[in-house]
Structure formats: C-alpha cells, structure tokens
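With the hints as extra help, turn the sequences into a complete structure.
Protein chains: 4
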Amino acid sequence: MMYRSLIRTSTRQLASAARPGTVRSYASTASQPFDWEDPLGSHNLFTEEEIAIRDTAEAYCQERMLPRVLQAYRDEYYDKKILEEMGELGLLGATIKGYGCAGVSNVASGLITKAVERVDSGYRSGMSVQSSLAMGGIEEFGTQELKDRLLPEMAKGKLLGAFGLTEPNHGSDPGSMETTAKPHPTKKGYLSISGSKTWITNSPIADVLLVWAKYSETGKIRGFVIERKDCPPGTLETPAIKNKTGLRASLTGMIHLDACPVPEANMFPDVEGLRGPFACLNSARYGIAWGVMGALEDCITRTRAYALERKQFKGNPLAKYQLVQKKLADAATDAAFGTLAAIQVGRLKDDGKTAPEMISMIKRQNCDKALSNARVLQEVFGGNAVSDEYSIGRHVANLFVTQTYEGQSDIHSLILGRAITGIQAFV
Amino acid sequence: MMYRSLIRTSTRQLASAARPGTVRSYASTASQPFDWEDPLGSHNLFTEEEIAIRDTAEAYCQERMLPRVLQAYRDEYYDKKILEEMGELGLLGATIKGYGCAGVSNVASGLITKAVERVDSGYRSGMSVQSSLAMGGIEEFGTQELKDRLLPEMAKGKLLGAFGLTEPNHGSDPGSMETTAKPHPTKKGYLSISGSKTWITNSPIADVLLVWAKYSETGKIRGFVIERKDCPPGTLETPAIKNKTGLRASLTGMIHLDACPVPEANMFPDVEGLRGPFACLNSARYGIAWGVMGALEDCITRTRAYALERKQFKGNPLAKYQLVQKKLADAATDAAFGTLAAIQVGRLKDDGKTAPEMISMIKRQNCDKALSNARVLQEVFGGNAVSDEYSIGRHVANLFVTQTYEGQSDIHSLILGRAITGIQAFV
Amino acid sequence: MMYRSLIRTSTRQLASAARPGTVRSYASTASQPFDWEDPLGSHNLFTEEEIAIRDTAEAYCQERMLPRVLQAYRDEYYDKKILEEMGELGLLGATIKGYGCAGVSNVASGLITKAVERVDSGYRSGMSVQSSLAMGGIEEFGTQELKDRLLPEMAKGKLLGAFGLTEPNHGSDPGSMETTAKPHPTKKGYLSISGSKTWITNSPIADVLLVWAKYSETGKIRGFVIERKDCPPGTLETPAIKNKTGLRASLTGMIHLDACPVPEANMFPDVEGLRGPFACLNSARYGIAWGVMGALEDCITRTRAYALERKQFKGNPLAKYQLVQKKLADAATDAAFGTLAAIQVGRLKDDGKTAPEMISMIKRQNCDKALSNARVLQEVFGGNAVSDEYSIGRHVANLFVTQTYEGQSDIHSLILGRAITGIQAFV
Amino acid sequence: MMYRSLIRTSTRQLASAARPGTVRSYASTASQPFDWEDPLGSHNLFTEEEIAIRDTAEAYCQERMLPRVLQAYRDEYYDKKILEEMGELGLLGATIKGYGCAGVSNVASGLITKAVERVDSGYRSGMSVQSSLAMGGIEEFGTQELKDRLLPEMAKGKLLGAFGLTEPNHGSDPGSMETTAKPHPTKKGYLSISGSKTWITNSPIADVLLVWAKYSETGKIRGFVIERKDCPPGTLETPAIKNKTGLRASLTGMIHLDACPVPEANMFPDVEGLRGPFACLNSARYGIAWGVMGALEDCITRTRAYALERKQFKGNPLAKYQLVQKKLADAATDAAFGTLAAIQVGRLKDDGKTAPEMISMIKRQNCDKALSNARVLQEVFGGNAVSDEYSIGRHVANLFVTQTYEGQSDIHSLILGRAITGIQAFV
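Protein chains in written order, with my numbering: chain R, 69 to 495; chain E, 69 to 495; chain U, 69 to 495; chain B, 69 to 495.
Hints are computed from structural coordinates only; laboratory data are not their basis.
One copy or two, either will do: identical chains are not told apart, so a pair holds if it fits within one copy or between any two.
16 Å max Cα-Cα, derived EDC-like pairs, lysine to aspartate or glutamate:
#: 1; residue 1: 310; residue 2: 143
#: 2; residue 1: 310; residue 2: 457
#: 3; residue 1: 282; residue 2: 241
#: 4; residue 1: 310; residue 2: 456
#: 5; residue 1: 379; residue 2: 246
See below:
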C-alpha cells in the first residue's frame, strides 16, 4: 500500500513544525477544574473582544432587562425603550459594517443574542426583528439611499422595524403568498400594496415595515420598505395580538395593508422570489440557535439553585437525588453541545462558508433541546413551578414558540432530509 | 452605566485590527453547498496534517479492515495481525512522543479512532486497549526502563497489551478491588499477585498486561506490568469469553492471577489509588467519544443508501417518506454536534485544559446518541435489518456495549451531576 | 408430564359451558369500523347507566362549562357557581352512598371527571377537591355528626370544601409537617391549630377546610374539619395565589392558621398518621388518572380538526403529512391505553381490590402521557399555538401541573420502584 | 336543562339494581397488596379456564422450552419437536373450533402466546406461523376438504405450515406482488406457480405452504396451499437464511417456486385481493401484541433479580438506585397497560367487534414499548449485558424484529393516521 508509514512521517513533521519548542506528549493527563456554567470550555474559542462584548451584554441584560420582565410578561407589555437602550450600547444590527453599527463577528453577535434570551425569548425576538430581519434585510437588499437614511437611526433604536412575511393562511409556506403590489392607479412612481400579515413581532410599534408581496408585473415576490409616517390613514393598520400563551414580553401584531401607497424606490431592486426573505430568516434563525442556549442556561442555573436550596425527606436537598442530577447533567450537556455548534456556524458564517441547511440544523436542534430540557428541569420545581416567580414556566412557554416559529422543527427536519437524500418530502 | 458604548468601540477596533483589508459585513449571506457527510463543516477545523492522517486511516480501514469484519463478527474471531498492520501505519499510541510513536495531536488521534470504529467498534476496542490503556498507562506512569523496553514494540503492534482493572463483582466500582499484590514469599525482589479480572479486551492474546491491584504494604491500589513470557505456568490464565451479544469482532477474556510473581520494578512508581487507572480510562473514553461518531456515520451512510434504493408503494424510494427523512436528519445532527464536541475536547486536551468531567460528558452523550440514532435508523431497514449483511444490526449491538463500558451512561450522569451540584449521589 | 392435554379438555368444556349454542370459532375475522374517538372500544365495558351518566356530564360540560373557560383562564377567575351547578346534577361526591350523593360506580365517577377535564384541568381540580378530598375525607374518616351535617350541603355545592395538607417547605414530604394542633389554652373542648398550608385549591372560597396537623398530645398527624363561619377574625386567612402559569381557571390559595380554635368533635376520631391524607389523595389521584385522558382527548380532537382544515404546500391539509399522522396515532394510542387502565382500576376499586401503587401507576402514566402527547400535538398548530383561542396551550400548561401535583411523576416512580424491589430509594 | 338530576336518579337505580345487598360506598379505601408481576390486577379479568390454560402453558414453556433456548439461539437452530410438543398440549390453532383444536377464547390464546414469548420471540414466531397464519388461513378461507385433511394433523404439530406473502422487493407493500399463478400448460386441473418469497418463518421445514400469488386469469391476489410432498423436484426450494441478528431460535427461509404445479382445488375459493392475507396477518399481529408483553415481563423479572443481587458502592444493591428503580417502574407500567389493551381487544375479537386498526394499535404500541423498555432495562446489567447468559440481549435483539415484521411500527402509525384523519399518507 502506498499510504503505509505516511502518518508517522507527516505527523512527526507536524509536531516539530507546528509546535516548536514543545516536547510535551499529547497523551498528557493534565487537567483543570470543571466549570458547570461552561462545561466544554467554549470560552477558549472566543477572542478577547468577543468576551468583552459578551460581558457588556450580560451586564446590561441582567441589570436592566431582568428586573422588568416578570411584570411585562404578566401584562403582555413590551417596553420599546429597551431597543433604544440596546442601540446606545451598540447591540443592534451588530454584525453590519458602517451606518453606525458595531461590525462585530457573528460569534460576538451570537453572544449578545444569548445574553438577551437568557433573560427572555421575547426580548430576544424584539431584538432579532430589529437586527436580523429589518436591518439585515435593508443592508443586504436595500438601495444605498434606504441604507443611508434608515440604518443609522435603526442602529440607535430610534426607528423601529418589523418584518412582514407570514400570512394568516400560509405559515410554513410563504410561496403561496396573497399580498400583492401593483402600480398605484393614481400616484405616479408609487405602488399599491394590499394584503394581510400576521404574527409580526413589533408590528404595532414599528416605524419601518419590511413587507414581502407578489409584484403584479412579474408574479414574483419582492420586498418593500413601508414607512409608517408616509402611509395615508386607513392604508396601514397594525393591531396587536393579545392573550398569547408565550412570548408575552414581546409585542406581536398583524399588518393590514389596504391599497397602501409605497414609493417604487422602496422596492428592493435586485432580489426576487423567496431568496430575499429566506436570507433574512436564515440570519434570524442563526440568532435563535444562540439565543435559546441562553434561555436553557438560565433554566439550568435556576434549577440548580432551587435543587440545592429545597429540602425534602430528612432534610436532603433535591440536588442529592439521582433523578434530579440526571436532569441537570442532560441539560448541561445539550447546552454545551449546542453552544459549540452555534460557534462553529458563526465562524463559518464570518468566512462565507455556511449552507442554509447548517442553520436549519442548529436552529432546529438547539430549539428542540432547549425546550425539552427546560421542560424536564421544570419538573424539579414540583408544584412550585406553577408560580411565575420561578421563571422556569415562562422560559418553557417561550421556548415552545421558538421551536415553532421561523421554521417549525418538522419543517427543518424535512429541509435537512431533502439535503441529505436529494428528495423533497413536503407533501 | 460604565459599560455603555463599549461594544461599539471595542469591536470597531477588532474589525480593523483582526481582519485588515476586509470590508465585508458579517451580515453577508454568502453560502456554500451542504455536505451531508460533514453537515457543520468540521473539516474546517482540521490542520492539513490531520486531514492527511484521517485519509490514511480511512483508506486502511475501508480497504483492509472492512472486508474482514462480517466473518470475524459471526465467528467471534479477532485477527491480531490487525494490530500489526496498524503499527506499521503509525496508528498505535499515536499521541505519544518518542518511542517510535507518531506524536500526533489529540484531534488526529480522534480521527484515527473514528475511522476504525466506522468499520467496527470491536476493532476500535482492540486499538484503544493497545494505545490508550496499555501504552498510555506505561507512558504516563511506567519507569523509563519499562517505556524504553516495551513501548517501541507495542507501537509496532508486535507486543500486545491488555488492561486489567474490572473485577467480576465490581464493574462500576473499582474502589472495592479484591486483587492483591504482596511481597513474594520466596522470590526476592518480586511481588506476588493474586486475583481475577473480567471483561478484559485482548487478554487472551496479550503479551503485556497492565494490572491494578491493592498493594498489601499500603492498602492502596497500584499498577503492575505483567509480562506473560515471564509468568510461571499456572500463575497467569487468560481464558476467552465467548457467546457475546456485541463486540464479537473484539477479543474479550478474563485474567486469573494465582500468586503470579512480578518484579518490583514492574510496579508503577509514583501513582497510588484510583488516579492511575482513571487517567488511563479517561484517555480511552476520549477515544470512544470519537469512535462512536464513526459508527454512527456509517449507519447514516448505509441507511441513506438503502432508503434511496429500496422502493415501496408505487415505486417510491423509502427516502421520500417524511418519517424516514426525519430519522436521517436527527442522526446527522447528532453526529455533527458530537463531532464538534469531540474536536473541542481534543484541542483542550492538547493544551492541558480538560477536566475529567468533560470527557464523561462527551463519552456519555456521544455513546448515547450514537446508540439511539443507530437504533432508529435500523428501523428503516424493516425486516431486512435482521440480515447481518446490512451491518446496521452489528453497529447497534456494538454501540450498546460502548454505552455501558468504561462508565455506563448513568454513572457518567452522576459524575456530571456531582460536578454540577457539588453533591455525590452514588448511593 | 401431568399437565399434558389439559388445555384441550378444559377448554372444550369451557366452550360448551360458557357459550352454549354458539359454534362460531374464535378465529373469526369479523370486524367493525374503527372509531378514532374510542380506538379500543372502551364503551363496551360500560354499563348503560354509566353511559347515561357520561352523556349527562359531557353535555353539561360542553354546553355550560366550555363557554366560560377561555375568559376565566385569562383572568384567573373561578366561578364558584360551577360547583353549585354540578351539585344540582349530582356530580359531586358521586361515589358516596347516602347524604344526597349519587352513589355511582368508580368508573362512572371517572367518566364524570374525564368530561370535566376535557374542558379544563382547573375545573376538574375544583371538583376533585370538593368530591374526593373534602367530601371523601369526611365520609371516610369523619364522625357521623359531621357527615350528616356537612355532606348533604357539600353534595349540593352550597358548602365548599378545601383540603389542607401541603406546606410551603414540604411539598412531596408531608411527614415533615409543621402545622400543629394542641389543646386550646382558654376554650374548653377546643383545639388550637397554627400553621400554614400552600397550593390549596379553592381555599379562598372554602367554607369547610379539612386540615391535617400534628396533634401535640401524641405527635401524630390528625385530620381536622375547620368551619370558616366559626373562626374568630384573624385565626384563619386564605389568601389567593395569583399569576399562575397553569390551572388559571382554578382558584388556588394558602391557608394561614393562627391559634385557630376548632372543636374537638371536628377532629377525625380514628385515623392517625399519613394513612388519612394518603387515602384521600389516592382517591383524588384516581380521578386525575381519568381526568387527564379527557384533556388529552380534547387535544386530539382539536389537533385533528386543525390538521384537516389547515392547508400548506399546494393546498394539502396538514393531516396528509406523515409526521402529523404519527403524532395523532401516538396520542390516540396513549389515550386509549390509559383509559383502559383507568377503567380496570375503577372496577377493582369498586371491589376493594386496589393497591395504592396501582393508583400511583395510572396517575403517573396517564399524566405523563397526557402531557407529552399534548405537547407534541401542540407542534401541529405551529405559530398559531401561541394564540390561546386554540386551547391547546392551555391544556399543555394545565397538564404540566397535573404531572407535578398530588405526587410528582418521579415520586410515583420511586413509590413503584419500592413496591417492585422492596427497597426504598427516597434519599 | 333536560338532563338535570338525571345522574342522581339513574345511578340510584343502578346501585340498588345491579348490586343488591351491598351498602358499601364506592369511596371505600380498602386495598390489597401490590403484585409487581401483575401490577394492575389483570388476572381478575380471566376466567378460571383461562387461568388454567395459562398455567399449563407457562409450566410447559418454563420447564421444557427455556432449557433449550440459549444453545438454540447461539446455533441458529430450531427444534421442530417443539411444535409437536405444543400440539400434544393443545396449544396450536387453539382458537379454532373442531378439527382437534382446543377452541379457546382469544384471551386464552393470548395467554399461551405470552407464555411462549416469555421464553423467546423466535419460539413464539414458530407457533404464530403454524397457528395464526397457516392454520388460521386454511380454517378461514380453505375448502372443507383442505380443512378436514390438513387441520387435524397441523393441530398435532405433525404437519408443519408456512405462510408465503412477503417478497424480496416488497416488504411493506404486498400489493406489488410478483409471484404468479396461471393455468398449468400441461397438467390439467393444475395451476403453475412461479415466484419468490423471503423472510418466511419455518419455510425450510414446512410441509404445507400457504402462498399468495397473482392469479393470471383475473390479475387478483389469491391464496394457494402448496403441499411439499406433491411438488416435483426443482419446483419448490426453501433455503434457510442464516446469520440473523435476531430471532435466531426461529427458522427463517425463502420460498422459490419454479412452475410449481398446484391442484386447482388448493386455491382458496372465495377470497380475492389483499383481504385474505391481511386477515391472517391481523390474527398473527394480535398474537404478537400479547407475546411481546411476555418477553418484556421476562426482562423485568431478570433485571429485578440482577438489580437485587448485584452490589456496587458500599455494598448497596443496584436496586437501591433511583435511576434503576425508575427503569423498572416504567417497564412494569408499560407491561401492565399493554396487557390490559391486549385483553380488551381479545374480548372484542371473541365478540366480532374488532376493527383491524385496533390490532395495528396494540401490535405497534406493545412492540414499541416492549423493545424500548427492554433496551433500557438492559442498561442495568452494565458490561455484563454482553454475556448472552443473562438473556436480556437476546430479548432485545428479538424484540427489534417483532417491531419491524408484520407491519413495521411506522407503517402501523400511518394505518392509524389514515383511520383517524381519513387521509392516506403512504407516499
């Protein structure tokens, strides 16, 4: 065989070349203490700057956001000042270069997202819409004029965005879109957009709505930037949806467009079909894959603390139960694995090496695992879990929503299945 | 707040410093094709040398090992020439520096392990014992004389090793060890070792047996290198265990020691208690975490091929079924996540930054996931799975054993639980 | 062998004796249509009267209860008129004979419970407390005077009961109870009870509170009937607990007793220790095992309807997806199996042949399966699940509570484990 | 409302009518000891005769079968004397009336099946083929002449049957059958059958082969009784399939028919299409649903015994571990629930009230649960599970096959899904 002895040769060279001066064997058993909050040492993969960003974001979220969330969730209230505060810190549209954005790596952006969702998935949703969907869409597909005019104010959180893709009858199937854009019958240089969108985060407070509609001239889907201040009365309505079973600290609504006039210059020039919205969604999904790890980690932290404090049967803490320890071990493992996967995709994203299916994979798996582990951890609280002050019920309810939006888990499994087999199985 | 604006500043510096000359935004949606055999692009994390080693190992395993395994498994036969072939290629004790070993990184070593277990977990077990347990133990704890004399021949696969820790009544609890070493009553400079070990891979063919026993002078566990050629008749017996339900291509046996005389110089000088065997086991467990991902990937490859070829109901391939696609998507996801975790721990191991619990985590999770996914994939073969020619049944049976040996899954969950909570819950 | 040919003889006799006049072979393949609402034909096991009771209860629940629940759940409001309506129909304390109660079989009682929980687990909780815990406890352990005086009014729903066992620090471990009853220092013939109970369903509106406390004279746990109308101001407080994450249509509160004077005649005469409260809980748990099957069936019905109506991808209903059909098949199976198990235990209960562990088994399994299937079905609703109008989110939140109260699932697994192995593993 | 008070009236009548003389309240908490071998008291549902049959079958299986199975499994050997012994005891074709068969109830038949599979699923397969598929098919669809001539000898186990439906390329899709029967070109009154069948239990030793083929005159599937003694050399070959990964104590083979002449009188007269084979399969599947509960119960018994005997960590038995107790509790629950469901379907079968989907439901669920629990219990044995002497590995391997044959689990979920939704989702 030609390849005999290859390894010994090549690796000896490697050893001397790549790590000059070291004579340490790789079989060394040196070890370090285990850190339950970062079980697989993911912090070793971050740059110093990324760690600084993470710490800033964590500090803000724990100090400023966390105290607001319990009441907000009870009342289904979203404090739009949060976006302004995030803007001040440079957390919005953070991967965008220029326009007053921070221009950080995708891993740094993931760390910000995780810090926010450690508090609440709804707060992360509010940020995702602003950063990934609205700003990201405009930066990727908008005209230079739109970018120059809108992005700086959006980065500050003074101009709020929304993203209108989903329609009442076509949740997982945007190709069947019914909203249309056609030449405005009376206003020259304008299009007239009509249709309804639903489950739109931030729609009731959005100043800038990125809406996708079928363009009558081509029958193809195009993107349009609708600016609320310019819409005549009655052409744009954005009623809130209330009585939600999850993400209650996030604001959700509909978008009703009734012959709404939109300047032709606000149509994205070069993107047709579902490629545009899917690119935006991919970016948001990447963020979700990070964010839900934050929510899961918060569940672990809270469960661990509860299990150590709560005594049952002869004064033993719950943490002494094998059945409780296994739940914690499972959750910590999935959190650690999911974080590593998110880091990997982030690095590849920086290098332009991601496939959309990679993002389907980490979005699906991390949401599924965050949800399933959170539910199991919730059991440790026993009857007390029903009190919202333990937060775990809120995370569980939120995480269910993250599993179903921006591609329900089954849909992503079919996307992956198609990529693996070459056969599509959507019915 | 002091931390306001920090991100924008720090990351702007980062952007210009770390990646000079680039003006690309990290929000870019450039993408690449999805590779179902490496869904999260782990190859981007390997050095060129690691890729060369992987390719060499894969070529050997697929070309030379694979054709032997079906019959070997049926017959419970282990061809010890395999270790010699591996030795020629530099695959044994590969992370050890010197003594004729390759001195490669822990990730390279993991890639070798994965290549072997892609063929069969039993073949990987045979290699693990030689490399991680026997050679690794001697390299870490043996005297210089033992290393100089034994390691070069072991690296060539001409001298075979075994590792005797487990006793019939103390599978998960080596602290209750009954094997003893005491001063030999008649041979000066010798110890006399008596006791039994079971489930010892390669014991029937081993030339060098690293055996752990309680040392009568201190009551502490110590390690001893027993060389078969020097054992008087009747003092060392190593009968094979037959009729196994898994790992049938691996040779398993017992070690019976009856007042076996061992030179005092063959006792490991500086290691007492369970630290010694646990260090060896940790190294082997690290390898298992890699190896089982190879077995799982082989299951995916075989299931995918079967599902594409097998037609049912109007000539549709099974691969068109949603229920089949989901199985493939789940398995591919766990294989990708598990591989990333193993890479991460490998890099930390090279840098002396691992905690033993990290290895518990990846050993447990990767074994659990390899097994559970392999079982689900096996369902795709329907009744045909019962034919051993499809290989999937063999992998399933093997993977069950990997889940239970070197720390059964539940034991590792309690090790992790203890690390997370600070409380031990072994009864 | 002595037993040869036994079967042929015995069964031939059986055939002719037990079923005279029939010549039909049992191998007949006659079949009937499948009923997805009763997949294993459980209705064949009910008497005519039981079916009549079921239909009455179902009609009341669907016509009168269902229209109230959505708003009640949103507002955390419990309409105590519901208990009065139930009383009019004979649904309260239905297994009790005499005292104006219906005296029905335990299966009939289970069917009532299931009908109520098909609407909402909170409404079922309200009924369980009145029927199984309060009335059941008084009927089983109270003096004749208490029975004669209280049960008839409780059966009518005009006198409301509560059951005070759980304390803030001892959820799963009532043996560590801190509430005490001691001779009243000033009122002769009275005891003075002090202590706190929490998670007490209906406590804020209860007229009659069955409270368990340690009796100072013996150190044993005894039961006491506290009548609110007789409590001096400040000795009994029953504040409501708000902001619950589940069972929001049920009223939950605390009980604070501060030297509350209770007549000695209100102490249960013949029951000491945990036997008393456990008997009551067993009865309530039996009801829960039935009830949650109702909630699960409602989830199935709603999911099926949604999946048939909702179209995605070329106008196909979701019901055409394999992944959706599997979810429905799994849920229908668990509902059918769980119902049969509940019927079996009910029949044995009528005959005095149950073991408490039987009730642990069906309570645990039915709650676990109702919850896990409801969660999976919820996925079918995709993003729409977040709207409370689809009801499925409400069931999921409720069912989590049923899994944790009256014995969290893990606790029941240890009760069963003890019964199976003879070894207790509570730490 | 018209239904007010209905319950109180109707149930009072019930109480006095149905159970005269009793004044016991149904709320009574009388209880009995828990029996871990029959957790939900299923024996209360059996007639005395059924219990006698069960005991006979259990005695035979434990005394005569069990000692043979370990070696048989190792050697892939099936002792056809077993069928003769069963015949002597009246265990074959036991539900058939007349022809020397026992004519017992379907529950009694289930109890026999369970007793056999408690020993080994392969032995049960051998019996199922003889009883349900071959004898059942002839009894249901054969001419009186065939019944009179064949059934009595088959009941004695002196004439062995096989059932040829599955073809190499059409496992789950018998409608695509390729085997054909056409008028014999030379032998008048004969048909000529050609084609191949695979995975046919007992084919190598069968005297009577019930084979399904497409009849050339109509294009419809018909059933044919092929008697080996009458087949000219070269027209019938039945090679064994070896090296199976499960059911190794059962004999499996192929059937190759090359212009095999079969008398027209051996064609089933009145059944066309898949109705015939499906009726036979339904009957066999019913038996599987019972049988696998026996295998699962054996796993529970063996695991419990091992866990009580095996000591780890300070001499505690494994049975003291919470994680072990939970595994036992889960398995015992599923065994109890599955047994009740099988009893229910058996009673309905006696009354001609089953739907085929009921049998899909219990076959699927009981096989799935037997397999999944057996796998979990296997973990308790740790490394020792790899020794075939503990039997658990054999059950696990067998149960995987039961899950995939006679309708793989997913196929049955789609059958159920179709019954629930009215929509077929086979691709």
